[in-house]
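Letter by letter, the chains look like this.
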Amino acid sequence: MINLLWENIFKKEEKSQKISNLLHQNKIFSSLTKKEIRIVEELIHERHYRAGETVFRQSEIGIGMYIIAKGAVDISVVELEDVTASANDKFSEVLIIKLKKGDFFGELSLVEDHGKRTAHATASEDSVLIGFFKPDLNVILQSHPSIGAKITMSLAEVVGKRLKSTTEKISQLRNEMKMITELHRGNESTTNTNKA
Amino acid sequence: MKALPTLIKRERLFRLAAVLFTLVLLSTVVLIVENMLISFVLAFGATYLIAPIVRYLERMGMSRNSAILIPYFTLLALTTALVFITIPLVVEQIRELRLEMPKYVEGVTFLIQKWENQLKDFIPYVFKYDIGENIARLAENGVTGFLQSAPKFAQQFLTVCLLGPIFCYFMLKDGRKISRNLLSLFPNNVFEMALSLSHKINVQLGDFIRARLVEAFIVGIVVWIGLTILQFPYALFLAIFATVMNLIPYVGPFIGAIPAFIIAIINQEPSLNVLLMSMVYFIAQLVDIVFIIPLVVARTVNLHPVTVIVVFIIGANVMGVLGMIISVPVASVLKLIFYTIYDQLIKFRA
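Each protein sequence line maps, in turn, to chains L and E.
Sequential numbering from 1 applies to the first sequence in this note's numbering.
Sequential numbering from 1 applies to the second sequence in this note's numbering.
Just chain L, with the same shape it has in the complex (with noise of 0.2 Å):
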């Protein structure tokens, strides 16, 4: 009885360890001081999910973002087949990312009211994630607002750089259709010239 009390009390501290490491070493927690950690590991929700078991759907109002303690997460997005067909037409489901250990996702809804969820999330093993809301935020900013100006800073610097690099790829794919385009016109007046 003593020895699986001590267990368990071992077995909690060394959670929480893992839990407090997980946060440290994210790109959102990484400016707090353990101190200030501990207090985010409070307000914290470690949920568990099986393996094809839906953490959010597209287009779902959400409301905080997940990191991953175990397990991995595969981020896709619902698109129609073709393009050009009606909306009647089938959609598919296209995998974004397969995100593993570490990784975390759905951030925007932190900063979002009543933000929609961009993509599917689905646990493609076992996993466990750490979820932290905009109402634990709201907590943390009402009564710790120096650890919420961190967290908030840090927030729009991961929602900056990814807003730059999807702008890059936006500006990147608009020059690929430059070319494309470019290419079609050459080809049809070769054509032209060719037929006359």
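One should not assume that every hint holds.
[Stated by the list, open to error] Not everything, but these chain L residues come out facing chain E in the computed CB check (under 10 Å):
id, residue
1, E42
2, G52
3, E53
4, V55
5, E60
6, I63
7, S109
8, K134
9, V139
10, H144
[Unchecked claim] Label pairs and their computed distance ranges (CB to CB):
id, chain 1, residue 1, chain 2, residue 2, range
11, E, V214, L, N21, 43 to 53 Å
12, E, L7, L, D113, 30 to 40 Å
13, L, I97, E, I32, 20 to 30 Å
14, L, M153, E, R59, 12 to 22 Å
15, L, G115, E, I87, 47 to 57 Å
16, L, Q58, E, T28, 53 to 63 Å
17, L, A51, E, L26, 27 to 37 Å
18, L, K98, E, H304, 48 to 58 Å
19, L, V78, E, K9, 20 to 30 Å
20, E, L7, L, T33, 40 to 50 Å
21, E, G175, L, Q17, 43 to 53 Å
22, E, L183, L, R185, 31 to 41 Å
[Unchecked claim] DSS-like, lysine-lysine: derived pairs with alpha carbons at most 27 Å apart:
id, chain 1, residue 1, chain 2, residue 2
23, E, K335, L, K116
24, L, K34, E, K177
25, L, K15, E, K177
26, E, K9, L, K70
27, E, K177, L, K70
28, E, K200, E, K114
29, E, K9, L, K98
30, L, K150, E, K114
None of these hints come from the bench; they were simulated from the model.
We treat Cβ as the ideally placed atom computed from N, Cα and C, and that holds for glycine.
Got chain L; can you put chain E on it based on the hints?
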């Protein structure tokens, strides 16, 4: 979409059943065990009153325990002092009222009989029911019942005084933990909705309870000062009654003023005194409407007046005065639950 494996579905159902079972069990205990509901309501009120101060102290760098203990013991000391100061005065006024009660019962019966006779003269065949006699019997029974239940009431009061502060302390200290543990029972597919809902309920109830308490307290103070200046009998007792009744929306202020008018009519107070007494209640309501409501109750529950009246009647029928007080916040919480589920499941998925 792929069908969810049976195991996940079963797990979700099991978790949902566990949540419902826990909520039903807690509600049953609170409703069935004597004095539990009123102790809980008082503890909730005190917790929501103290919570902003706790947050402020935490913001100032104080540890959570100290931030809880300082306002908790301050409120406890203030309430105890207030009870010790007011109880002897109220007891004295109740004793006086008890001695004069037959006079008031007789007076009210006489008045009603007079009105009844006037009505009978006006519509002679309609009234075969002896209203005056029945009211007199009801009043006598009421007074006897009140006097007989006084020792039980004192015992209930002591139990509530003991349980209320204990519940309040644990709600402040472990409220977050309890709510987190309860939320952990929810299945994954509704967890975010449940968390968001619990936060919204917390904010709405907090705003409502704080606003109502501050509002009722200020109205009570205005009534007490006014009636004391007028040297109106039972000023403190009437002010406490007006404070409690003011917690009931819309009809509360009117109910709160009724005993003062009855006393004035029975004592055959001069018209000027009745006018001044009416002015006191009017000023209290004016202060409430002009200053307190826009400043304090601005973010209160968003319910239609007809809905308020309907839930108020239901509350009064089911739980009496306590039902009148808690029916509106309970209805606002139910409305919030309905709209959140609607938003989540229907509107935003459409």
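Hints, one by one, checked against the model:
no.: 1; hint: E42; result: 7 Å, holds
no.: 2; hint: G52; result: 6 Å, holds
no.: 3; hint: E53; result: 5 Å, holds
no.: 4; hint: V55; result: 7 Å, holds
no.: 5; hint: E60; result: 7 Å, holds
no.: 6; hint: I63; result: 5 Å, holds
no.: 7; hint: S109; result: 9 Å, holds
no.: 8; hint: K134; result: 8 Å, holds
no.: 9; hint: V139; result: 8 Å, holds
no.: 10; hint: H144; result: 7 Å, holds
no.: 11; hint: E:V214 with L:N21: 43 to 53 Å; result: 45 Å, holds
no.: 12; hint: E:L7 with L:D113: 30 to 40 Å; result: 36 Å, holds
no.: 13; hint: L:I97 with E:I32: 20 to 30 Å; result: 53 Å, violated
no.: 14; hint: L:M153 with E:R59: 12 to 22 Å; result: 18 Å, holds
no.: 15; hint: L:G115 with E:I87: 47 to 57 Å; result: 54 Å, holds
no.: 16; hint: L:Q58 with E:T28: 53 to 63 Å; result: 40 Å, violated
no.: 17; hint: L:A51 with E:L26: 27 to 37 Å; result: 34 Å, holds
no.: 18; hint: L:K98 with E:H304: 48 to 58 Å; result: 51 Å, holds
no.: 19; hint: L:V78 with E:K9: 20 to 30 Å; result: 22 Å, holds
no.: 20; hint: E:L7 with L:T33: 40 to 50 Å; result: 42 Å, holds
no.: 21; hint: E:G175 with L:Q17: 43 to 53 Å; result: 26 Å, violated
no.: 22; hint: E:L183 with L:R185: 31 to 41 Å; result: 59 Å, violated
no.: 23; hint: E:K335 with L:K116; result: 23 Å, holds
no.: 24; hint: L:K34 with E:K177; result: 20 Å, holds
no.: 25; hint: L:K15 with E:K177; result: 17 Å, holds
no.: 26; hint: E:K9 with L:K70; result: 22 Å, holds
no.: 27; hint: E:K177 with L:K70; result: 24 Å, holds
no.: 28; hint: E:K200 with E:K114; result: 53 Å, violated
no.: 29; hint: E:K9 with L:K98; result: 24 Å, holds
no.: 30; hint: L:K150 with E:K114; result: 75 Å, violated
Going through the hint list in order, the structure does not satisfy hints 13, 16, 21, 22, 28 and 30.
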